[in-house]
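Residue strings, one per chain:
Number of protein chains: 2
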Amino acid sequence: MHSIKELQSILAQAVKDQAYPAHPAELYEPITYLMDLGGKRMRPVLLLMSTEMFGGSVKKALDAAMAIEVFHNFTLMHDDIMDKAPLRRGKATVHEKWNANVAILSGDVMLVEGYKLLSNLDASLLKPVLKVFNETAVGVCEGQQIDMNFESRAHVPVAEYLEMIRLKTAVLLGGALKIGALIAGAKPEDADRIGEFGENLGIAFQLQDDILDVYGDPDKFGKQVGGDILANKKTFLLIKAQELANNSVAEGLSKWIKATDFKAEEKVQAVTAIYNQLGIRGLAEQAMQSYAEKALNQLEAIQVSEDRKTALREFAEQLLVREH
Amino acid sequence: MHSIKELQSILAQAVKDQAYPAHPAELYEPITYLMDLGGKRMRPVLLLMSTEMFGGSVKKALDAAMAIEVFHNFTLMHDDIMDKAPLRRGKATVHEKWNANVAILSGDVMLVEGYKLLSNLDASLLKPVLKVFNETAVGVCEGQQIDMNFESRAHVPVAEYLEMIRLKTAVLLGGALKIGALIAGAKPEDADRIGEFGENLGIAFQLQDDILDVYGDPDKFGKQVGGDILANKKTFLLIKAQELANNSVAEGLSKWIKATDFKAEEKVQAVTAIYNQLGIRGLAEQAMQSYAEKALNQLEAIQVSEDRKTALREFAEQLLVREH
Numbered sequence: 006m007h008s009i010k011e012l013q014s015i016l017a018q019a020v021k022d023q024a025y026p027a028h029p030a031e032l033y034e035p036i037t038y039l040m041d042l043g044g045k046r047m048r049p050v051l052l053l054m055s056t057e058m059f060g061g062s063v064k065k066a067l068d069a070a071m072a073i074e075v076f077h078n079f080t081l082m083h084d085d086i087m088d089k090a091p092l093r094r095g096k097a098t099v100h101e102k103w104n105a106n107v108a109i110l111s112g113d114v115m116l117v118e119g120y121k122l123l124s125n126l127d128a129s130l131l132k133p134v135l136k137v138f139n140e141t142a143v144g145v146c147e148g149q150q151i152d153m154n155f156e157s158r159a160h161v162p163v164a165e166y167l168e169m170i171r172l173k174t175a176v177l178l179g180g181a182l183k184i185g186a187l188i189a190g191a192k193p194e195d196a197d198r199i200g201e202f203g204e205n206l207g208i209a210f211q212l213q214d215d216i217l218d219v220y221g222d223p224d225k226f227g228k229q230v231g232g233d234i235l236a237n238k239k240t241f242l243l244i245k246a247q248e249l250a251n252n253s254v255a256e257g258l259s260k261w262i263k264a265t266d267f268k269a270e271e272k273v274q275a276v277t278a279i280y281n282q283l284g285i286r287g288l289a290e291q292a293m294q295s296y297a298e299k300a301l302n303q304l305e306a307i308q309v310s311e312d313r314k315t316a317l318r319e320f321a322e323q324l325l326v327r328e329h
Numbered sequence: 006m007h008s009i010k011e012l013q014s015i016l017a018q019a020v021k022d023q024a025y026p027a028h029p030a031e032l033y034e035p036i037t038y039l040m041d042l043g044g045k046r047m048r049p050v051l052l053l054m055s056t057e058m059f060g061g062s063v064k065k066a067l068d069a070a071m072a073i074e075v076f077h078n079f080t081l082m083h084d085d086i087m088d089k090a091p092l093r094r095g096k097a098t099v100h101e102k103w104n105a106n107v108a109i110l111s112g113d114v115m116l117v118e119g120y121k122l123l124s125n126l127d128a129s130l131l132k133p134v135l136k137v138f139n140e141t142a143v144g145v146c147e148g149q150q151i152d153m154n155f156e157s158r159a160h161v162p163v164a165e166y167l168e169m170i171r172l173k174t175a176v177l178l179g180g181a182l183k184i185g186a187l188i189a190g191a192k193p194e195d196a197d198r199i200g201e202f203g204e205n206l207g208i209a210f211q212l213q214d215d216i217l218d219v220y221g222d223p224d225k226f227g228k229q230v231g232g233d234i235l236a237n238k239k240t241f242l243l244i245k246a247q248e249l250a251n252n253s254v255a256e257g258l259s260k261w262i263k264a265t266d267f268k269a270e271e272k273v274q275a276v277t278a279i280y281n282q283l284g285i286r287g288l289a290e291q292a293m294q295s296y297a298e299k300a301l302n303q304l305e306a307i308q309v310s311e312d313r314k315t316a317l318r319e320f321a322e323q324l325l326v327r328e329h
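Protein sequences, first through last, are from chains A and B.
The first sequence begins at 6 in our numbering and counts up one residue at a time.
The second sequence begins at 6 in our numbering and counts up one residue at a time.
Don't take every hint at face value.
If chains are identical, the list can't say which one is meant, so a pair holds when it fits in one copy or spans any two.
What the hints assert, rightly or not - Straight line, CA to CA, 30 Å or less: simulated DSS-like cross-link-like pairs of lysine-lysine:
id	residue 1	residue 2
1	Lys102	Lys64
2	Lys64	Lys89
3	Lys121	Lys268
4	Lys65	Lys132
5	Lys64	Lys21
6	Lys225	Lys96
7	Lys65	Lys136
8	Lys192	Lys121
9	Lys45	Lys238
No lab work stands behind these hints, which were simulated from the structure alone.
All figures in this text were calculated on a predicted structure; none of them were measured in a lab.
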């Protein structure tokens, strides 16, 4: 079994080796550009870790891992258009560097390239893997739409928020792990369990992200601390605060959400103070821990020897104590 | 074997039977809206005709035929955003009726829905069919990008134009026919031939479209006659005219292309007169006939009894004597 670092370096090489046609340049250059921006390659790493846990080989699973990474980057390319995001990993987004039409069409071909990578699988694996991949892809699109719909709603129930992050973020982690298991020939119930592990881990991961936006160490957190607060982003923290706040606290929160003229620092401090008053951080950490436990319970139940599970367990534990 | 009308009615029913989730509505309603706008369903009809020619059953091929139709409509949804088209079959385009973000994301999920339909195929067929589908999809995206690039170029060589329409229009016809053949268990060389038949027919079809824009019967042609001329669209006719025109004729053509203040009718008449002077219609018809012949020669070479080929031969012949 490979270490995470080794898997990352195998994937870095695979990304480097991916050659697209030179023509038409507007279609293929953005793919290389976006894929080369880097990142931790968490999703394909998880896929390969799952394959290895179930005794399969990285070689056999590499194309599927790359398919997941290409798919993930396709969603970033299109989401960035929809979110009008100027930057991705500190560099200009594709629609900024080229234009929206290029980002639409290059993204489309990227999704097809994901399927091309998948189609290299053995014929006997293709059908079950394709089924998981398709379900995953549909889930991610649904999650993005639901997230966009949240923007125009004043209040979102916590349950709906959790379902949104499950779709938008978590199903892709679950799908990657499940595909890795299928390629290794895992039993169907174990493939389901590693998928559930990934989904629950993904939800915990997103909740952690919501917490870090407010309570992260500014020196270690990559983004601006309080960015979600400034954007009125409906995170677990804001939604929970809106649910719990009464009277003057509710009014104070509502005032800051509607405010148009303020110092950024002041708004972040004031909303954070409301969160503190309501004990939101503790509630968010509780929710996160509960999903993390569900994840680890699924891992526990999988019928492979304990030492094979160590890597994924440690990965999960590290993910949830991160400060950035 | 079914008649084209019967196949169209089978497909109409299949479109009607396609049920998408109710939620999120912005993701799925546009798919139903666009699919319900109708059309001749030429691509899935060709797929089913090919299956029947090679002795396969419509039932077995129906999901793949629907995959092709869903894919085709996905390209329309995204192309309409890129082309800023307000209308599609006389109704508001998806990005006009909803917005561009909805059209991007709904189109994305539509592409995945196409793959979901494909994944219902027998495991033994999935790999070869997926390969053709992926190549087709990539070709269509490349064709759209090359077409967009043409807009900012003063001159396009005829060969590049023919390659563009091959990718943008013809490979999907070829791909549909080839997939139909694979599902029926046709020999690989016959599957290739029916694919070539479709590609050549598709190029002939597009050249016919270019001719009809200028020389079509205004009462029968669905669109405004001369629409391509008014938009300075680089069709076979304009490209050929730019290639052949000398001196004062070239100047006249160039003047009309650059003109910003004119009566629509006058421009259409003047450019048509230049085409007539240069014998462009005859050249375009010659090119069209040559691709049609190539198509029919491929059909000829296929190793099934002649009576099984009648339907596709007649389809091709009718396609190329249409007046609208």
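Cross-check of the supplied hints:
1. Lys102 / Lys64: neither (35 Å within a copy, 47 Å between copies)
2. Lys64 / Lys89: Classified as neither: same-chain Cα gap 38 Å, cross-chain 44 Å, threshold 30 Å.
3. Lys121 / Lys268: Neither. Shortest intra-copy (49 Å) and inter-copy (49 Å) distances fail the 30 Å Cα cut-off.
4. Lys65 / Lys132: both (16 Å within a copy, 16 Å between copies)
5. Lys64 / Lys21: within (16 Å within a copy, 43 Å between copies)
6. Lys225 / Lys96: within (19 Å within a copy, 52 Å between copies)
7. Lys65 / Lys136: both (18 Å within a copy, 19 Å between copies)
8. Lys192 / Lys121: both (26 Å within a copy, 23 Å between copies)
9. Lys45 / Lys238: Result: close within a single copy only, 25 Å intra versus 45 Å inter.
Hints 1, 2 and 3, counting from the list given before, are not met by this structure.
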